[in-house]
Structure formats: C-alpha cells, structure tokens
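Engineer: Sequence:
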Amino acid sequence: MPLGMLHGARRLYAPDGCTSNTSRPAGPRRYRSVPAETGRGMAQLYRGRRRSARRTDRARPRAARAVYGAHVSRNAAPSAASDARQSVADGEPSVAELLWLVRLRWWAIAGVTAAWPIALALGLVHQTWGAAAAVSVLAGVNVLLLARAREMRGAPPSARRRLAILQIVVDYGALIALLHLSGSVENPFGALLLVHASLSGILLPRPQAVGLTALAAGAYAAVVAGEAIGWIPHHALGRYHVSCAIDGGAYALTALAYATSMFAATLLASKVRSWQIAAEEARLARERVAEGRERLARLGEVFAGVAHSVRNPLHGALNCADLLEQDLGDRPDVRGHFDLLRESLERIEQVVQRVLGLGRARPLEPRAASLVDVARDAVELAGARARRKGVRVALASPADVRAVCDPDALVEVVVNLIDNAVDASPEGGDVVVEVGVAEEAGVRRATLDVVDAGPGVPSGLVDRVFDPFFTTKPPGEGTGIGLALAKRVVDEHRGTIAIANRAGGGCRVRISLAMADESSADQEVP
Numbered sequence: 003m004p005l006g007m008l009h010g011a012r013r014l015y016a017p018d019g020c021t022s023n024t025s026r027p028a029g030p031r032r033y034r035s036v037p038a039e040t041g042r043g044m045a046q047l048y049r050g051r052r053r054s055a056r057r058t059d060r061a062r063p064r065a066a067r068a069v070y071g072a073h074v075s076r077n078a079a080p081s082a083a084s085d086a087r088q089s090v091a092d093g094e095p096s097v098a099e100l101l102w103l104v105r106l107r108w109w110a111i112a113g114v115t116a117a118w119p120i121a122l123a124l125g126l127v128h129q130t131w132g133a134a135a136a137v138s139v140l141a142g143v144n145v146l147l148l149a150r151a152r153e154m155r156g157a158p159p160s161a162r163r164r165l166a167i168l169q170i171v172v173d174y175g176a177l178i179a180l181l182h183l184s185g186s187v188e189n190p191f192g193a194l195l196l197v198h199a200s201l202s203g204i205l206l207p208r209p210q211a212v213g214l215t216a217l218a219a220g221a222y223a224a225v226v227a228g229e230a231i232g233w234i235p236h237h238a239l240g241r242y243h244v245s246c247a248i249d250g251g252a253y254a255l256t257a258l259a260y261a262t263s264m265f266a267a268t269l270l271a272s273k274v275r276s277w278q279i280a281a282e283e284a285r286l287a288r289e290r291v292a293e294g295r296e297r298l299a300r301l302g303e304v305f306a307g308v309a310h311s312v313r314n315p316l317h318g319a320l321n322c323a324d325l326l327e328q329d330l331g332d333r334p335d336v337r338g339h340f341d342l343l344r345e346s347l348e349r350i351e352q353v354v355q356r357v358l359g360l361g362r363a364r365p366l367e368p369r370a371a372s373l374v375d376v377a378r379d380a381v382e383l384a385g386a387r388a389r390r391k392g393v394r395v396a397l398a399s400p401a402d403v404r405a406v407c408d409p410d411a412l413v414e415v416v417v418n419l420i421d422n423a424v425d426a427s428p429e430g431g432d433v434v435v436e437v438g439v440a441e442e443a444g445v446r447r448a449t450l451d452v453v454d455a456g457p458g459v460p461s462g463l464v465d466r467v468f469d470p471f472f473t474t475k476p477p478g479e480g481t482g483i484g485l486a487l488a489k490r491v492v493d494e495h496r497g498t499i500a501i502a503n504r505a506g507g508g509c510r511v512r513i514s515l516a517m518a519d520e521s522s523a524d525q526e527v528p
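Position one of the sequence shown corresponds to residue 3 (our numbering), numbered consecutively onward.
Take these hints with a grain of salt, some might be off.
Ranges of calculated distance between the beta carbons of each label pair, as one might list FRET restraints [said to hold, decoys possible]:
1) G507 - R337: 37 to 45 Å
2) A223 - R285: 40 to 48 Å
3) P158 - R344: 49 to 57 Å
4) L269 - R394: 52 to 60 Å
5) R290 - P428: 28 to 36 Å
6) Q278 - G213: 20 to 28 Å
7) H339 - E282: 58 to 66 Å
Derived by calculation from the structure, the hints in this document are not laboratory data.
Idealized CB from N, CA, C, for every residue including glycine.
Could you build the full structure based on these sequences and the hints that come with them?
Structural biologist: Right, dumping it as structure tokens:
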C-alpha cells in the first residue's frame, strides 16, 4: 500500500490542527475533507489493485487448466494399470487377470484341437467323439466366461473372486476329462495339473487356492482309483502303454506324486503372489508420496501467485486498521467493530501464510530430539486458542522418547493437528497428545498421537483427509491445507502419518518416526 494512502488516512481521521496520535486538542472533533495527496494515493492504490486483479484474472484460467490437466492425466491411466492397483488394493483377481485366463483357455483349446488329430494318426489315443465333445463344451463355456469377465469392471471383489474360482474349476474339470481319455497317469501331460495349481495360487487367496487344489486332487485321485478298480474304463496310450503304471503300487504312487506336486505348486505360487503384492504396495505407496509432493508443488506455484496478490493489500488493510484503532479505538461504539475487523483480517493472513507454505519447503535439519519436548512446545503454542474455545489440551507421556526429526518443523505439524482436534472437539472436551513407542513390521518406532473426542471422520473420507484443499469442516471454516502440509513434512522425515476413528468416538492422528540412538544426544543426523 502506498505511504500516501496511510498518511492520508491519518489526516482524514485526525482532528484539525493535530497530526499526532499523542497530542489531540480538547473539544469536539472536526473532520476535514480528503487532501489532494490522499486522493492521489488512493488513486494509485486503486490502479495497483486493478492491475493486480487483471493479472490474477489472467492467471486463473492457466491455473485451472494446470490443475484440470493434472487431474485428467491422473485419471486417464490405462485400465490395465487401474486393474492392477485394484487387485493389489483388495487382494482379489483383477478384471485383466480374468480376461487373461479366458485368452489362455482359447490357446489351450486351439492346442488340443491341433494335437488330438496328430495323436490319433500316431495311434496314441483312440477316443475321438469324447475329446471332441469335451473341447466343444469347453469352448462354449469359455464364450460365456468371456462375456461375464467383461461385465466385472466395477464389480465387488467377491464377484471377481467367484468368477476366478469358477474358471479354475472349469479348467480342472476339462483337463481331468482329457487326461482320462488319453491315458490318465500314463499321459505325461498330467504335469499340466501343476500349471492349474500354480494359477490358483497366483490368482486366489491361499485358503481358496488350497481348497481348489484339494478338490482337484481328490477328483483326479477318484478317476485314477476308478480306473484301477475297473469302475471306469481305462483308455491306455496305444503305442506307449506302460503296463506297470496301472498295476500295483506304482499306479497309486504316480497319482500321489501328482497330488503332492499340486499342493507344493499352489503353496509356492501363493507365496510368490504375496511377495508380489507386498512389492506392488510398496511401489504404489512411493508413487502416491511422489504424486502428492508433485501435486503440492504444482498447486503451491499456482496459488502462491494469488496469495502474493492478496498479501500486499491485506497488509495495507491491517496497517490502516491499526491507525484507525489508535485514533478511534477508545470509542465504545466502534471498539467491537475494530476487534471483529482485526480478527477477520488475521484469519485471512493465516490462510495466505498456509497457501504460501505450499509453494516453498524449508530444508529440514533432522537430528536426535525429544518428542516430549516437541509435544510440550506444541501444546503451549496451541493452548491459548484451545482455552478460548473451552477445550482442555493435555500431554501424556510415560517416558521420554527420542526420534530423528527437525523439532521446529515437527512442532508446526503438531500445532496444526492440535488446532484441528480443538475444532472437532465440543466445548468442555479434551484433546490429548500422547508420545510413545510402537512396533511396526518388527521395528520399534517413535510415535506421537493427537486424540480428540469429536465426531470423527466419515469412513468414506478417511483416505482423502490429507489431499490438498480437502476439508470436512463447514464452508468458510477450513482451507484443507494444514493436513496436506503436515503430511508433506512427515513424508520428508521418512515417517508416516495416519488418521483413524476411535471406537468410543473421536479420532486419533498418529505420526510415526524413526527412533534415535540413545547415544546420539542432540548431534546432527545425516
């Protein structure tokens, strides 16, 4: 704001013959007209604000395009990638995997259709119509499975799991039938049972996979036993018939070997699948962190320009409010108006500061520090605001816990969390800051929790609370910036921050950090 405007404002509201706040002649106040220099100052301010507004207006379409473009690029990912993320998220087969099973079955049908006439010509098999019927039924069922798999987009995980189980049951049935028609245990292609066992271990949770393997092994053993007893005709391989395979213990031993191998293949594939899911979850977590940082930086650049445009006239308004309060603040009829004006302007200033914080990140200075000291400083800083609302803030710590962190940056994060907890708590409620140690994946971690007794977060919104500009507060009462900044700071500490609703009401926000070595005192940590 131009100085002419400030001086003009002081003259405008100063009594005649008085230009100081300390000396004022007695008698009624007489107000003069606005001096010329004040008019020039106000005109200059007006022109500056118009230019700033035009720049802001020009920036808004670009900002909107940037944010919208980022949104479209994130949501325009290939469906296969989204299916993979979906499979990792719920541990169930994805639509892409269901369609892959259908394609694999078409290849199997084509292979059997091509190989069976060759086997007939070589005299290896003698069944024609039975195999043709089995392949025809399998092809017809596969058409139905293809149509059903295409309908699975957006279906619940249980529906995808049921369709995967149905496909594997169909495959087991078709393979056992074809093996029966082509030599049973004599046929070396019985090893394909291991392929199906591996597929069930890859696509299904372990209990369902093991159950299907047991069902298939039992069905195959029943067919083999029926052939051995004579209840079911045995279609031996014509040219390479091995008589010992259907006599005595060798017959049962061969079937047992297949069954044992099927269980081993299922368990091994299931273990590999669990490793794959864990690795994919870690990769997706890294991508989410990187995407969140990029989004914050991009939004910070966009909104920092707007915040700077607001900040200059805002400071001018604050200065004018100070000057006017000095001149007129002793009047009872306007005192309340000045308090309301200052409170409103300070709230705008806080929003501007938070928006500017999105665009600039102060380099952290991590070292071994006491989390209890961090929590105590945060409670003291947030205590005044909590007392005005009638909320008690307490610190609970059984013992000192040291973590690798930047204490100054972490204090700002905890103050922000306490402010949110105070806003969520009713008058007379309690907010508790807890410091402790928890074990995560076999590693001891330092934790700092902020617990409130508010209504909690709706279950469907828990995953979005750390998104920039997302808030559950009523319109005009929240910016959605504080938690996004808190997550960025915690991520830069290589820690985690999570929010969860409590069973008795309210929610708990937990920050987890690496513990510091007891011998590291307060030295810098690389």
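Engineer: The structure should be examined with respect to each hint, and the outcome stated for every one.
Structural biologist: Here's how the hints hold up against the structure:
For G507 and R337, the Cβ-Cβ distance of about 40 Å falls inside the hinted range of 37 to 45 Å, so the restraint holds. Separation of A223 from R285 is about 41 Å and conforms to the stated range, judged on CB atoms against 40 to 48 Å. The given range of 49 to 57 Å is respected by P158 and R344, whose C-beta atoms sit roughly 54 Å from each other. At roughly 55 Å, the beta-carbon separation of L269 and R394 lies within the given 52 to 60 Å, and the hint holds.
For R290 paired with P428, a C-beta distance near 34 Å keeps the hint of 28 to 36 Å intact. A hinted range of 20 to 28 Å for the beta carbons of Q278 and G213 is consistent with their spacing of about 21 Å. H339 and E282 have their C-beta atoms about 59 Å apart, which keeps the hinted 58 to 66 Å range intact.
When each numbered hint is compared with the structure, no violation occurs for any of them.
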